[in-house]
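Asker: Spelled out from the first residue to the last, the chains are:
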Amino acid sequence: MNTDNTASDALTSVLQLIRRELPSVALLTRPEQLRAYECDGLSAYRRTPEAVVLPDTTEQVQTILRWCHDLSVPVVARGAGTGLAAGALPVAGGLVLSLARFNRILEVDLDNRMARVEPGVRNLAITEAVRGEGLYYAPDPSSQIACSIGGNVAENSGGVHCLKYGLTVHNVVALEIVLIDGTLLRLGSAALDAPGFDLLALMHGSEGMLGVITEITVRLLPRPEDVGVLLAAFDDVRAAGQAVAAIIGAGIVPAGLEMMDKLAIEAAEAFVHAGYPTDAAAILLCELDGTAAEVASYTGRVQTILKQQGATEVRSARDAAERERFWKGRKAAFPAVGRLAPDYYCMDGTIPRARLPEVLQRIGELSTEYGLPVANVFHAGDGNLHPLILYDANTPGQLERTEEFGGKILELCVEVGGTITGEHGVGLEKVDHMCVQFPAPELAQFHALKAAFDPECLLNPGKAVPTLHRCAELGAMHVHNGQLPHPELERF
Amino acid sequence: MRLSEDCTEALLGQVRQALSTGTPLNICGGGSKTHLGRAAAGEVIEVAAHRGIVSYEPAELVLTARAGTPLREIEAVLTEHGQHLPFEPPHFGENATLGGTIACGLSGPARFARGAARDYVLGAKLINGAGEVVRFGGQVMKNVAGYDMSRLMVGAYGTLGLLLEISLKVLPLPECTQTRVKRMGSQRALALMAELGRQPLPLTGAVWEAGSLYLRFAGAEAAVTEAGDHLGGEKLEIDTAWWQGVREMSAHFFTSERPLWRLSLPPASAPFAEAGETLIDWGGAQRWLKTQIEPEQVFAAATRAGGHATLYRDPRVSGQVQQPLSPELLALHQRIKQALDPQRVFNPGRLYAEI
Chain A
0 MNTDNTASDA LTSVLQLIRR ELPSVALLTR PEQLRAYECD GLSAYRRTPE
50 AVVLPDTTEQ VQTILRWCHD LSVPVVARGA GTGLAAGALP VAGGLVLSLA
100 RFNRILEVDL DNRMARVEPG VRNLAITEAV RGEGLYYAPD PSSQIACSIG
150 GNVAENSGGV HCLKYGLTVH NVVALEIVLI DGTLLRLGSA ALDAPGFDLL
200 ALMHGSEGML GVITEITVRL LPRPEDVGVL LAAFDDVRAA GQAVAAIIGA
250 GIVPAGLEMM DKLAIEAAEA FVHAGYPTDA AAILLCELDG TAAEVASYTG
300 RVQTILKQQG ATEVRSARDA AERERFWKGR KAAFPAVGRL APDYYCMDGT
350 IPRARLPEVL QRIGELSTEY GLPVANVFHA GDGNLHPLIL YDANTPGQLE
400 RTEEFGGKIL ELCVEVGGTI TGEHGVGLEK VDHMCVQFPA PELAQFHALK
450 AAFDPECLLN PGKAVPTLHR CAELGAMHVH NGQLPHPELE RF
Chain B
0 MRLSEDCTEA LLGQVRQALS TGTPLNICGG GSKTHLGRAA AGEVIEVAAH
50 RGIVSYEPAE LVLTARAGTP LREIEAVLTE HGQHLPFEPP HFGENATLGG
100 TIACGLSGPA RFARGAARDY VLGAKLINGA GEVVRFGGQV MKNVAGYDMS
150 RLMVGAYGTL GLLLEISLKV LPLPECTQTR VKRMGSQRAL ALMAELGRQP
200 LPLTGAVWEA GSLYLRFAGA EAAVTEAGDH LGGEKLEIDT AWWQGVREMS
250 AHFFTSERPL WRLSLPPASA PFAEAGETLI DWGGAQRWLK TQIEPEQVFA
300 AATRAGGHAT LYRDPRVSGQ VQQPLSPELL ALHQRIKQAL DPQRVFNPGR
350 LYAEI
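Chains A and B supply the protein sequences, listed in that same order.
So the first sequence is numbered by numbering that gives the first Met the number 0: it starts at 0 and just counts up by one.
So the second sequence is numbered by numbering that gives the first Met the number 0: it starts at 0 and just counts up by one.
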């Protein structure tokens, strides 16, 4: 979908202003420079931008946004570009605003257990900066070596430890944001709450649609004294699902609880040789943390539960090296699955955990129907399912079939009471599926809220929330009591 | 009164009527929190009858209940299954409802360790300013589809819509709890709380009052015993009632007639002791101050410390006095109110005069 990329008149004017008034700001306009910005982590969607600007102060961001606002130029804010939903895909006639130069850790406040950082700082770099103090930043999305903290806020990223430690929204205490008209706002504070509406929470997962984040204050946690990891094998996916419910039912909240199905286990084992039992139908990885006494007590109890629930084998990591090996296969699951086929498509639905066996069975049926294999990796503790559909983009029609299959999986997640995206965001990828999850009044409310921040829809236009018109065209609109909402709209 | 009743249609009818006549509504649950926020005005709309737990799956750690459901009913059901609301919401009265708790965004002593009410809200169903029933979020723990409208409702004092149903994440009750008391001044207490906060301890309560620091540990028995022994100090035997007094603000400290301020500050901020009598909660992040000094001075001091203040109670003033928002932030609040409740029917003026 590489279309016309000649700059619009308005964009040309903004670029001229930047060159003249902000000569120190890096501005990329040559094709070879722009290529790196044509997609994010979802490379099936590409569009070369007309221009990329890389400011390095908040004042510059304010000035650039004000010009874009005054001249009606769309802006796509971009962090590290590791997003998986085409949320950072450039838009026609727009400017890509990269926050890559906002890469400083501004302050570590040990007494208040906080770090004030710029949005381009990598997630893992925060933990690395405070490791010597026995502290860490909890959310750990799998891309944490590369992804930026600003992008984490925009997507409300999770990770493998969010059942116990929460998502990004639970670990950020303050933000500095710039609205499209250049207004600078501070949301939240180093205190535990702030007056007025909870705009701090609202910014999380807003996908660059409401404002541009220029500073983030994160909460730091003391590193747990001890960690234990168990690996359990099951010859039936249903039993593995029941074991998860039994652990939580026993009053234990593991730090991490991950499930992989047979194809994912085989792929991971072939890739990193973690010692996984390849004859198992599913494995569970259960991490328990706390004081040494706590970990010892919980590890024993969880081992008993896993055996009672029919685990064919339960292993407990004896030391840090073995813990790492247990995790290695899970952490390498995506690239491992990537070796099985030329391409894979990662889905991100969340479902009520109890519906897992049924959902996996139906995904299996769809897999047969579409002739495309699926490996399942599951954040079992919080119900976030990542089916990975294997396909070959070079086979004509296969990408389209894969997307259709993926769409069916998302519809299934909504049908069982879940959501189309647990942690990757809607972006452009799932914008049509929003029509399945939300009826017109909810979508209208999203648009009204967006307008309160960005009345001309200049920030990341076309992403995250579909227009009612688009949903009507797709025929995916919810129908309540046989009545279509907004009958005044044309339908095709 | 019936234990479970769906009054959505009746409430929708009343809201639509109010919208058609432009009548402001004063949303009322159990009436236990009328002392919070600014003084209410408008025609009372009763939500208490819209009650009942809609779904609760202990193994899923999710509970959904109608807004009028009494908080004590929810807590009783959770206790039965060995679970609880980890943010320890204060009730402020027998009739406290879930809707009022969420609308006011209230959290108790464990807030600094386990998170606030907003951290446990997964989804909400509400009547919006267009007179429609809308649903945001859901009953799953990870959900990033659409803007987080349900968390936006927490602490909005009902100014953005009428809450009908709320889904919450719940957690297992801690295996055991222990409170230790140590005598020390506020300055030393704040330093100790900061130091303990950097250690991996199961600390879920940290309050200083009248020369004593109260530290509560909760979790696995082995960890709690170890932490208590490590810290030393005197064991507080009947600690549940003591923490209840802080949570419900029924402790002796709160009974005075002097103006009472709530300061929300970065936890390690210097003590405000010189200004008046203080109770420090949330490991230093929430401070109660009884003082006669002028509101402008308290607001300014809280701002300098990096936090904010609320004149929580003053016999000379009706309703609470919130710290003013910056003009830019107030303007955004007004635009959000305009977007979600264009006719200003939901609790106008309850949070700020302008919204």
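The set of hints was computed from the structure by calculation and includes no laboratory data.
Keep in mind that this is a model prediction, so the values were computed, not measured.
Don't be surprised by glycine CBs; every beta carbon is placed ideally from N, CA and C.
Hints are not guaranteed to be accurate.
[To be verified] Residues from chain A that face chain B, not an exhaustive set, calculated with beta carbons under 7 angstroms: (1) 92; (2) 99; (3) 103; (4) 106; (5) 204; (6) 244; (7) 414; (8) 419; (9) 441.
Asker: Now tell me, hint by hint, if it's right for this structure.
Answerer: Going down the list of hints, with the structure as the test:
1. Hint status for residue 92(A) relative to chain B: violated, with the closest Cβ pair at about 25 angstroms, above 7 angstroms.
2. Given the 7 angstroms rule on beta carbons, the hint for residue 99(A) is violated: about 23 angstroms separates it from the nearest Cβ of chain B.
3. Because the beta carbon of residue 103(A) sits about 20 angstroms from the nearest beta carbon in chain B, more than 7 angstroms, this interface hint is broken.
4. Restraint check, residue 106(A) versus chain B: the minimum CB separation of about 12 angstroms is more than 7 angstroms; hint violated.
5. A hinted interface residue such as residue 204(A) counts as satisfied when its beta carbon comes closer than 7 angstroms to some beta carbon of chain B; here the least separation is about 4 angstroms, so the hint holds.
6. A hinted interface residue such as residue 244(A) counts as satisfied when its beta carbon comes closer than 7 angstroms to some beta carbon of chain B; here the least separation is about 4 angstroms, so the hint holds.
7. Proximity of residue 414(A) to chain B is violated relative to the hint, the smallest CB-CB distance being about 12 angstroms (cut-off 7 angstroms).
8. Taking 7 angstroms as the C-beta cut-off, the interface hint given for residue 419(A) holds, the closest approach to chain B being about 5 angstroms.
9. Taking 7 angstroms as the C-beta contact cut-off toward chain B, the hint placing residue 441(A) at the interface holds, the least distance being around 5 angstroms.
Hints 1, 2, 3, 4 and 7 from the list above are not met by this structure, while the remaining hints are.
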